[in-house]
Amino acid sequence: MTGFDFSVIPNAVPFLLQGLGLSLGLTAVAMAGGMALGLIIAIARLSRFRYLAMAAALYVNGFRAVPLILVIFWFYFLVPLLLGRPVGALYSVLIAFVMFEGAYYSEIIRAGLKSVRPGQWQAAKASGMTYLQTIRLVVLPQALRKMAPLMVTQGVVLFQDTSLVYVVSLHDFMTSASIVANTQNRIVELYVFAALVYFALCTAGGALAQRLNRDRHHAH
Amino acid sequence: MSYAWNWGVLFQSPYLGWLGQGIAMTIVISLAGWAIAITIGTLIGVLHSGGRGAMRMVTGSYINLFRNVPLLLQMFLWFFVVPELLPKTVGTWLKRDLPHPEIVTAIVALGLFTASRVAVQVSAGIAAVPRGQSMAARASGLSTVQAYRHVLLPQAFRIVVPPLTSEFLTIFKNSSIALTIGVYELTAQTQQIQSFTYQGFEAFTAATVVYMAIALVVTTLMTAIERRISVAGSAAKG
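So the sequences go chain by chain: D and B. Here this note's numbering is used: the first residue of the first sequence is 1, the next is one more, and so on. Here this note's numbering is used: the first residue of the second sequence is 1, the next is one more, and so on.
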């Protein structure tokens, strides 16, 4: 066993921080976009228009059946082709993550919407509200509390999944750590350090989800 | 959009062969990883649910550690870091003499990662068995091991079949991450076909169809198993 030299890490911090910035930024965009898209899909799936509901179900089950890496490859290949000109890997990856997360978030939102008691839906309808008004003004505010912990948990999974952009050489935290590991020939130090950072951040995210879950139980 | 379609490429040599090898590799590493996951995951889940103090801390740490580090990084840790940390002779053996180190590493990494997720489900499944069952088992004179074997685990396993099905599906999808350490599974092979032929549409469609077919087969199989093992009257919730 040769000696380990962790002094390489302080020097690499600015580069690694840039990578972490991309990982967190990607997580934020994919979460926001995924939730917005997920809400639309969930509403479509619960709607009384059968074909709309079927299309939404097809979307969700399709994305949930394939690995994220394959989805990343798909969009990395498709987006420039559809636009007719090369775009950076970042844009294809952003689109891939939003589309992919939309499928997962829609399941959380759908379960949340369905958890609101039927009486609430009926009362809203009886008060003359439309389907979308009912969701926006009555159901969603009640469902949000239930969905919040699951959304954070999914966010933690998503944050870990951003490491997969490694396959298209975007410099996220994982890829940056791997670059430093290989150029400085400090593989053990860098990967152990990266694992500690991911572990700390994901543990914090998990604790937040647990806290939201507890608050929800106290509120009832 | 200008694109020259050529579905025939999928049936040409050597691409058809690559596709077949990729499918075989995905299935092999997923099933082998699952064998590890279900064994270790059940063990840890049981110990976690019944354990107190130190035991619960150890199993809890395992679960947290493996769930809070990306699988991609775990693959790298097993592949690049662990051989460096082991005694020199073992490390050298892992790197030089072990046949197909990337495949073995992928199976171990997939298995141990999925084990943490199985453990959570098993432990939750045991917790979902009504408390009276465990009390009644003890009152009938069963030992702790007997209570688990004859009363708690049979009920817990029926409860965890649906979540375990979803973990089983996930391991096939997660097996694609093995490509980052050089395992030529399905996604890697189709990516290779795309870079050789520029027929990305056809290649990725093939992979998508195969993954969907796997999902369909697994779901159908597990629904059948669920129906077979359900105890009359106990699962009348649906």
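Careful, some of the hints might be misleading.
Estimated spans, in silico, between C-beta atoms of each pair [claimed, not checked]: (1) Tyr198/B x Ala207/D: 27 to 35 Å; (2) Pro86/D x Thr92/B: 55 to 63 Å; (3) Arg85/D x Gly8/B: 24 to 32 Å; (4) Gly182/B x Asn61/D: 50 to 58 Å; (5) Asp5/D x Leu86/B: 13 to 21 Å.
If you want the footprint, here are the derived chain D segments under chain B, 3+ residues with CB under 8 Å [said to hold, decoys possible]: (6) 122-134; (7) 139-149.
These aren't lab readings, by the way, just hints derived from the structure by calculation. Because the structure is a prediction, the values reported are computed rather than measured. Ideal placement from N, C-alpha and C gives every residue a C-beta, glycine not left out.
Results for each hint:
1. Tyr198/B x Ala207/D: 27 to 35 Å: violated (47 Å)
2. Pro86/D x Thr92/B: 55 to 63 Å: Between proline 86/D and threonine 92/B, where Cβ atoms are some 44 Å apart, the hint is violated.
3. Arg85/D x Gly8/B: 24 to 32 Å: holds (28 Å)
4. Gly182/B x Asn61/D: 50 to 58 Å: Violated, at about 31 Å.
5. Asp5/D x Leu86/B: 13 to 21 Å: Because 19 Å falls inside the window, the suggested range holds.
6. 122-134: Result for this restraint: violated, n = 0.
7. 139-149: This one is violated; 0 residues, fewer than the three required, reach chain B with a Cβ under 8 Å.
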